[in-house]
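Note that the protein sequences, when read in sequence, are chains A and B. According to my numbering, the first sequence is numbered sequentially starting from 1. According to my numbering, the second sequence is numbered sequentially starting from 1001.
No lab work stands behind these hints: they were computed from the structure. Be a bit skeptical, because a hint or two may be false.
As the list claims (entries may be wrong) - Listed next, the stretches of chain A that the computed footprint assigns to chain B, with coverage defined by at least 3 CB atoms under 8 Å from CB atoms of chain B:
| no. | stretch |
| --- | --- |
| 1 | 36 to 43 |
| 2 | 110 to 121 |
What the hints assert, rightly or not - Listed below are several chain A residues computed to face chain B (Cβ distance under 8 Å; list not exhaustive):
| no. | residue |
| --- | --- |
| 3 | Thr78 |
| 4 | Tyr92 |
| 5 | Arg96 |
| 6 | Val99 |
| 7 | Met160 |
| 8 | Leu173 |
Even glycine gets a Cβ: it sits at the ideal position worked out from N, Cα and C.
Next come the chains, spelled out residue by residue.
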Amino acid sequence: MHGPADTNGFMAEVMAAAPDGERLRTCLQCGTCGGSCPSGPDMDHTPRQIFAMINAGMRDEVFHSNTPWYCVSCYYCTVRCPKEIPITELMYALKRMAVQQGVYDDSKAPDFSKTFMGWVEDYGRSFELGLMGQHMIRHNPFGAFKIADMAVGLVTKGRMAFAPTRIKGMDGLKRILAKAKQLEAQS
Amino acid sequence: MKYGYFPGCSLEKNAAAYDVSTKAIAGPLGLEFVEVEDWNCCGATEYMSLNLTAAYSLIARNLAQASKTPGTDQLVAPCSLCYLNLRKCDKNLGLHADLSGRVAKALAEAGLSYKPGTLHARHLLDVVYHDIGPEALAAKVTRPLSGLRVAPYYGCLLVRPEFHNGGDDPEYPTSLDKILTALGAEVVDYPLKAQCCGGHMTQISEATGFELIRRLIKGADDYHADVIVTICPMCQLNLDGFQGAMNRHFNTSYHIPVLYFTQAIGLAMGMAPRDLGIGDEIVSARAALSKIGHEVEAVPEAAPRKKKDDKSLPMPGRRAGG
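This is chain A alone, in the form it adopts within the complex (with noise of 0.2 Å):
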């Protein structure tokens, strides 16, 4: 579904990306998100920046900003927004976009959630040791020792597991996530 003929390519792709996501062309830059975002005051753009941006067609600075990456999905914008917009989902939907065509500048929020995947697609559950383990290896090798205590109260208080669990139903997760992928492709 695309938008009409005063929508630019780029905002129609970003729409189509998110469920609900045509309610951007009623954005009324009014700020509310911006205001109400917790990582907000981190943000390269605040959200209300980000639309005016997609509105204008400004791929490249879009992908280049950090701020979808800085979204911690709290729906705080969503549930403010007076035109209903899911701003949350828009964000997600500028994460996929960016990861799936190779756009981002900083690699680490990307790199953590493929790590994370990585272990749900192998064994259909998450695996805190593995993630932490090569996301700091990876990006902040000196990290550990920061939350040395952490890890070791987590340890000795039995929180930390040592191995994955696999569901039974591994093969069929395999299945599905192939064919859910191959789909999303061709969409």
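Given chain A, put chain B in place with the hints provided.
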């Protein structure tokens, strides 16, 4: 009443205390939980960032598995992320035919199917508040939490609307407040109760993540809360597990234990702390609970590392002794 039970990955290990305490209070409250057969990870906040169809298919496999649970159309998740994903998936599959068509084809690869709207995915807090209620809970209280100052912390994902919002207000929820009041606790009017804990931000941008944790801990401390009570394993891990790292980042010395609401309910019903997984928290709740006469066994804690050049006299922690 019977429910399908979706524990989610966190409750397997890291938040085992939440699972243990949920199961401990379920029987006495008349809740029958049947675990969903061979459930998988819901994808948390990660899969949605990579692939829409795969993310929805991963969640939909859980809905398909859960719909096999005989004798109930209720599905309860104690984790706010799992709850949100299950609810969102069910809703959006019902509204978006193209998406649900793709997901149905993917599920069919494993001989599974799910008809949107079949199940009612609900958060555990919603079930305890609406299906049991504060009055019935109060009637079960044998050891009221009198004198314990509690900051009720809902986090973000349960109360935001659009996907049902647990039947509470998206910005100023009160269900947990009323439950804790029914348990006899002194409930703090915690202004940040529905603010985000930062989710995975400690791993993406430390400064951002620690600041979100700091303001929540500071908020509870400003109101002299003895303990924060939460309903989400991600919130618990951030506020409890990362509290030490946050303190070092800001050079602060907060000590606010973070318990699950099911642990608070169990304590008020006279259950022993250890049977509720109390002692698993990184920031010990011992001092806070001794205030109300609960003796928690000492669990060895990781000794705080002392800086090499630290010549200061050994001093007790700021809130040590509660």
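Structure-based check of each hint:
Coverage of the stretch 36 to 43 of chain A by chain B holds in this model, with 3 residues showing a Cβ closer than 8 Å to a Cβ of that chain against a need of three. By the rule of at least three residues with a Cβ nearer than 8 Å to a Cβ of chain B, the coverage given for the stretch 110 to 121 of chain A holds, with 7 such residues. The restraint placing threonine 78(A) at the interface with chain B holds, with a minimum CB-CB distance near 6 Å, inside the 8 Å limit. Residue-level restraint check for tyrosine 92(A) holds (minimum Cβ-Cβ distance to chain B is 5 Å; threshold 8 Å).
The beta carbon of arginine 96(A) is positioned within 8 Å of a beta carbon in chain B (closest approach about 6 Å), and the interface hint is therefore held. Because the closest C-beta pair between valine 99(A) and chain B is about 6 Å apart, less than 8 Å, the hint holds. For methionine 160(A), the interface hint holds, since its Cβ comes within 8 Å of a Cβ in chain B; the closest pair sits about 7 Å apart. With its C-beta approaching chain B no nearer than about 6 Å, leucine 173(A) sits inside the 8 Å limit, and its interface hint holds.
Going down the numbered hints, you'll see the structure goes against none, and every one checks out.
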